[in-house]
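The listed protein sequences derive, respectively, from chains D, H, W and C.
The numbering used here numbers the first residue of the first sequence as 1 and each following residue consecutively.
The numbering used here numbers the first residue of the second sequence as 347 and each following residue consecutively.
The numbering used here numbers the first residue of the third sequence as 693 and each following residue consecutively.
The numbering used here numbers the first residue of the fourth sequence as 1039 and each following residue consecutively.
Treat the hints with care, as some may be off.
To be verified - Quick list of in silico lysine to aspartate or glutamate cross-link-like pairs, EDC-like style, CA-CA up to 16 Å: (1) Lys456/H to Glu565/H; (2) Lys253/D to Asp174/D; (3) Lys884/W to Glu540/H; (4) Lys920/W to Glu956/W; (5) Lys538/H to Glu886/W; (6) Lys957/W to Glu829/W; (7) Lys192/D to Glu1232/C; (8) Lys1230/C to Asp1248/C; (9) Lys456/H to Glu476/H; (10) Lys1230/C to Glu194/D; (11) Lys945/W to Asp866/W; (12) Lys599/H to Asp520/H.
Said to hold, decoys possible - Ranges between beta-carbon positions, derived for each pair: (13) Leu1369/C to Lys945/W: 21 to 29 Å; (14) Asp696/W to Asp258/D: 35 to 43 Å; (15) Arg463/H to Lys737/W: 23 to 31 Å; (16) Gly960/W to Glu130/D: 30 to 38 Å; (17) Glu264/D to Gln735/W: 27 to 35 Å; (18) Val396/H to Gly1226/C: 31 to 39 Å; (19) Lys1230/C to Gly960/W: 29 to 37 Å; (20) Val806/W to Gly466/H: 35 to 43 Å; (21) Lys737/W to Pro680/H: 53 to 61 Å; (22) Glu686/H to Arg1155/C: 43 to 51 Å; (23) Pro617/H to Ala1340/C: 41 to 49 Å; (24) Glu1168/C to Arg213/D: 53 to 61 Å; (25) Gly279/D to Glu1308/C: 53 to 61 Å.
Don't read these hints as lab results, they were simulated from the structure.
The structure presented is a predicted model; accordingly, all values stated were derived computationally and were not measured.
Note that CB positions come from ideal geometry on N, CA and C, so glycine has one too.
Number of protein chains: 4
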Amino acid sequence: MGADARIPVAIVGATGYVGAELLRWLIPHPGVRVVFTSSDQHQGKSLADVYPFLRGVIDATLVPHDAVAAAAAAEVVFLAVPHGTAVPLAEAALAAGRRVIDASADFRLKDPAVYARWYGTHAAPHLLPESVYGIPELYRDAIRSARLIAGPGCYPTGALLGLVPLARAGLVTDSVVIDAKSGTTGAGRSAKVEQLFAEVTENFRPYAIDAHRHAPEIEQELRAAGGKVTPVFVPHLLPVSRGILSTIYVSGKAAEADLGAIFEKAWGAEPFISLRGEGPPPELRDVRGTNRCAIGWRQSRAAGQAIIVTAIDNLAKGTSSQAVQCMNLVLGLPETTGLEAPALAP
Amino acid sequence: MGADARIPVAIVGATGYVGAELLRWLIPHPGVRVVFTSSDQHQGKSLADVYPFLRGVIDATLVPHDAVAAAAAAEVVFLAVPHGTAVPLAEAALAAGRRVIDASADFRLKDPAVYARWYGTHAAPHLLPESVYGIPELYRDAIRSARLIAGPGCYPTGALLGLVPLARAGLVTDSVVIDAKSGTTGAGRSAKVEQLFAEVTENFRPYAIDAHRHAPEIEQELRAAGGKVTPVFVPHLLPVSRGILSTIYVSGKAAEADLGAIFEKAWGAEPFISLRGEGPPPELRDVRGTNRCAIGWRQSRAAGQAIIVTAIDNLAKGTSSQAVQCMNLVLGLPETTGLEAPALAP
Amino acid sequence: MGADARIPVAIVGATGYVGAELLRWLIPHPGVRVVFTSSDQHQGKSLADVYPFLRGVIDATLVPHDAVAAAAAAEVVFLAVPHGTAVPLAEAALAAGRRVIDASADFRLKDPAVYARWYGTHAAPHLLPESVYGIPELYRDAIRSARLIAGPGCYPTGALLGLVPLARAGLVTDSVVIDAKSGTTGAGRSAKVEQLFAEVTENFRPYAIDAHRHAPEIEQELRAAGGKVTPVFVPHLLPVSRGILSTIYVSGKAAEADLGAIFEKAWGAEPFISLRGEGPPPELRDVRGTNRCAIGWRQSRAAGQAIIVTAIDNLAKGTSSQAVQCMNLVLGLPETTGLEAPALAP
Amino acid sequence: MGADARIPVAIVGATGYVGAELLRWLIPHPGVRVVFTSSDQHQGKSLADVYPFLRGVIDATLVPHDAVAAAAAAEVVFLAVPHGTAVPLAEAALAAGRRVIDASADFRLKDPAVYARWYGTHAAPHLLPESVYGIPELYRDAIRSARLIAGPGCYPTGALLGLVPLARAGLVTDSVVIDAKSGTTGAGRSAKVEQLFAEVTENFRPYAIDAHRHAPEIEQELRAAGGKVTPVFVPHLLPVSRGILSTIYVSGKAAEADLGAIFEKAWGAEPFISLRGEGPPPELRDVRGTNRCAIGWRQSRAAGQAIIVTAIDNLAKGTSSQAVQCMNLVLGLPETTGLEAPALAP
């Protein structure tokens, strides 16, 4: 047989939780091979030195972050680096003619002024108009032809898949509460006292109440879908490693609408959305280690509220496997390639 | 020295989570001694046979449930048995002239029709008018003289301590969402597949959405305090053993009210309520193993919502230590006696 | 395109942890398709009714346990039922000419008297001589042609992969201590108070000290490999869902032997054994969700002990994926087919 | 009534896990009051700023570490600072005539050469002869009159309470394996990637195999009690916050000795040791939040091994409450004062 027909891809930032999860999805992916992995912190080591469970699974040396080298080696460049640092890497890879899928926040917000308020001045605002928000269920066609894909935040993915169908149906007009609960990997793999095991186990707490950086992202996309209100967004830290469950309360007409028909119309054909309706509500384990989003709902006429529950794996559909789903679209591969593993449950 | 001056108390139902937690508070309590402990399931065994960690801490044999015997031995009879079964035990102990503190749902709902809808026909509706709802912060004086105290549900305790001050201030007029998250001990110590460790760890899920038995209890007391709306109540199961954190959203005027003044007026003098204001929000570990309730808040003008966060230990302030707080009032002891232990954190 | 070329397989007992884990491996397996799934408890329901996360992943109805029907539909019949009940099912499937892979203890012990001591009288002792102990690293050739494969216990898998190389090298002559720690799924998916989340979280305990049913199995295979001593085997219950870590102490000559050479010779070519030598010791997460066994070692000359550490996922290499590895051998497929997924870490 | 009769005590290093746990025991202690709390990292803040759950429980400002100031204010000075830094603080407090209880490793090892091998050169070796190893069950009388008490390591406490009775009986002559499993608080409250929640949950691993700093401490005290062998000591990291369970294997005569009589003679009168014999083995939750050590045993004649299991709370009997037990002796208070709380279980 001839040469390896798999398409080469690069991961800039391969040792954080997002980078390692990209590896988990890309290593067994039949259509691509990982040819570039970088880490400024661990450069010179092998991946197996950092993650012993990768010994025998992938043989790769970590080089310094270098978008030019990544672009020289690969068709698609994944960026899994902190916001702010992704901008110059994206520019360089784009200049080299490569497609870029960025997992950071750098290209999500369309309005540079909003970006500035939450993250600081944007270093390449000219790229914002062309970046495509990387939720395939919302922007599938645009993703196919995009040069630059802004991987969405994990919280926004869970919130928007539950809210956009209602917004499109004109039902987001009164008040919206997003009470979201996330596992700890959402905070990344950096040493912080408040993320120590002994601080998190048997504990639970809200944080960044009505003040989280994912709020403007949710609001931007909710308005783009026809939403008319500013949601309240309250994230909480769960003592689990993976998963986001969002309990969403929409007051007003949504309490009496035909939610089944609305969700069926919006997501009925989607391969990675599992509609639960009024059956057993979604749980984190339903989606653990998968690219799926499970969605259920109830309505309280007495209280005038529709209650939408969505569950995703923050590292998978919330970040890395959704980025691979985008990559499949970009490369013209079947969208579900390499993404159909069942949940790891229990 | 003379005879033991400590007042004798009885626990009917000493081996479930609530009964064992009553023991944890009552054994070191300087004002009382536990003279009666019963268990239908484990009768004839010693407490140390069931709970090895009680060996050397208390020496007691488990007898069958028997309110007459309990009443003969003790001044105060705690009932920690399933709802329905508490009614005849309470009747018998009251008939013997004892004070009864019931941890079940049997005497919480004032309206027998509401009780019937959620639990079945009540067997002694004539007792409902005199039972006092056992949250000292709400009904301190009535508790002092009550014969029959209805220990409140764990979820209602957390929700009401956050909402009653607003209801009294006329701020509960629009919509109220109670998004509550509880540890697993709230479900009791009975064998169920969905409560197995492997089903709960690294998992999280809502349940009984807008359909939980604690909803009518919250509504009853919220209306008694001046609330004008039916709250939405959505409980969730956390992978922790103890604790309830409630995130409460109140829309309307509450978003712009002076919450600090309202809470200070309501709870400023309460020994077991810790007001956090807009500082670091309450966490479960802040109250783990304690009789305290921590309360914090934020306001979102953009979304027109006040956000109240309360944290309690469901087995302590949510059930057993709150029952001991009631007992202190009943016996004329200082209310804080035996209840001041700091949190077990981490 | 023509008919589905994938080989039909059956799972008798598809809703326990072992059966569900078989599904997790077999559904995406490219060489087989699951055509039969049974559950006495849930018969008539769909798999998705029992496990919502399988909705959209597999469409199957649960029928009663029936080895004849399973054998009529499939080439290979997996049995994932309690010990004792596997015997008649195996007999029937064998009589129908099918290959049987049994996950229970029924065909592991060669000596019916030993079986009787630990499990009760064996109902088909005539089958014991032909059953093959299903660890491919030990009995690969025999498995290829076996009609009846006895899937090994989870603890024995972890212990034997660490000890057999030493036994074969004549180093198991003095004393052996196996201190093993397992996740809770090893106890199966049945409701027991001692397996409730609140009983297990933040807890840890030994059980069945020197009295566990897996001890005779370890001893049988250790002696078959040349071991000369009776090990002490002490299992412990970890507050994790999956995984067994075994810390094994071998006194005597092993403390000064060339363990690197011994393990390299024994397992150097094995696709599912990851030798860690004296580097960072194995951890549970290294093998979580995988068919791999990680092995490390140290030697204490001062104490005259070799210390071997092995880690497996009890539901995967310890049971279900190892059964699939055996199936690959039975069906003449490449041994690693469908088994190469990286670990789910974190 | 007159002035507060409680004896003033000081905590140098009040915000690490050991310091915070000292507060948890000392705040409700009836015989003492905490008059000095220091933290170099958080100086100037209140304790409640660092630990919100202490708001309303203790009102104290954190000052810089200063043994002279601590000694001026208090009768007993607790040191809860890193090893190495405790030496000068201890010297200063002793010079001021105060009694010192040090929780670090600085005064545990009697031989400066052994200290140097594990921790570096000792800065005050002249103090080593007079320091008393702070396990009251071993050195009660010496502790009563000691100026300087070396709080023992958490692992050694668990190991020695299980092994010393055997060593004194002449049964530690062959080989000893100590397989110990600890919660994460043993590593202290400093930010490290390997202690992040997502790295620890659902994981388990050995570390510092036969190379842990607590090994020489165990060996010193085991030999002092008559032990004749070097134990193998292998610590493991459990996904729990608190607790150490040690499974100890003693080969040789111990396998057939009358362990019940030996332990009864050694610890039968001890208020904080719970002998379990051959009953249900100790579990971590049995001792969670308590000053107790639970000890059980089994014997395997076939394998020639005695198996001893001990359980302690590493932050309590393993460190802080044991230090309070020593303080009670030093101050002439009843030894159990303030130390009798039942376990927090579940």
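* Asked: Between Arg463/H and Lys737/W, does the C-beta distance stay in 23 to 31 Å?
  -> 30 Å, holds
* Could you see if the CB distance from Pro617/H to Ala1340/C stays within 41 to 49 Å? => Violated: the Cβ-Cβ distance is about 60 Å, outside 41 to 49 Å.
* Agreement of Lys599/H and Asp520/H with the hint, judged by alpha carbon distance not exceeding 16 Å -> 8 Å, holds
* Is 21 to 29 Å a correct range for the gap between the Cβ atoms of Leu1369/C and Lys945/W? -> Check failed, 54 Å falls outside 21 to 29 Å.
* Asked: Do the alpha carbons of Lys456/H and Glu476/H lie within 16 Å of each other, as the hint requires?
  -> Given that 16 Å is the threshold and the Cα spacing comes to 9 Å, the pair holds.
* To do: For the range 29 to 37 Å, tell me whether the beta carbons of Lys1230/C and Gly960/W fit it or not.
  => Taking Cβ atoms as reference, Lys1230/C and Gly960/W lie about 34 Å apart, which means the hint holds.
* **Hint check for Pro680/H and Lys737/W - Cβ pair distance inside 53 to 61 Å** => For Lys737/W and Pro680/H the Cβ distance comes to about 57 Å; the hint holds.
* 35 to 43 Å as the expected CB spacing between Gly466/H and Val806/W, which holds or is violated -> Once the Cβ atoms are compared, 53 Å apart, the range 35 to 43 Å for Gly466/H and Val806/W is violated.
* Falls inside 53 to 61 Å, the C-beta gap from Gly279/D to Glu1308/C? -> Since the Cβ atoms of Gly279/D and Glu1308/C sit about 57 Å apart, the hinted range of 53 to 61 Å holds.
* Asked: Taking 35 to 43 Å as the hint, is the beta-carbon distance of Asp696/W and Asp258/D inside that range?
  -> 38 Å, holds
* **Hint check for Gln735/W and Glu264/D - Cβ pair distance inside 27 to 35 Å** => 30 Å, holds
* Distance restraint evaluation - Glu1168/C, Arg213/D, Cβ atoms, bounds 53 to 61 Å -> 57 Å, holds
Against the hints set out earlier in the document, violations occur for numbers 4, 8, 13, 16, 20 and 23.
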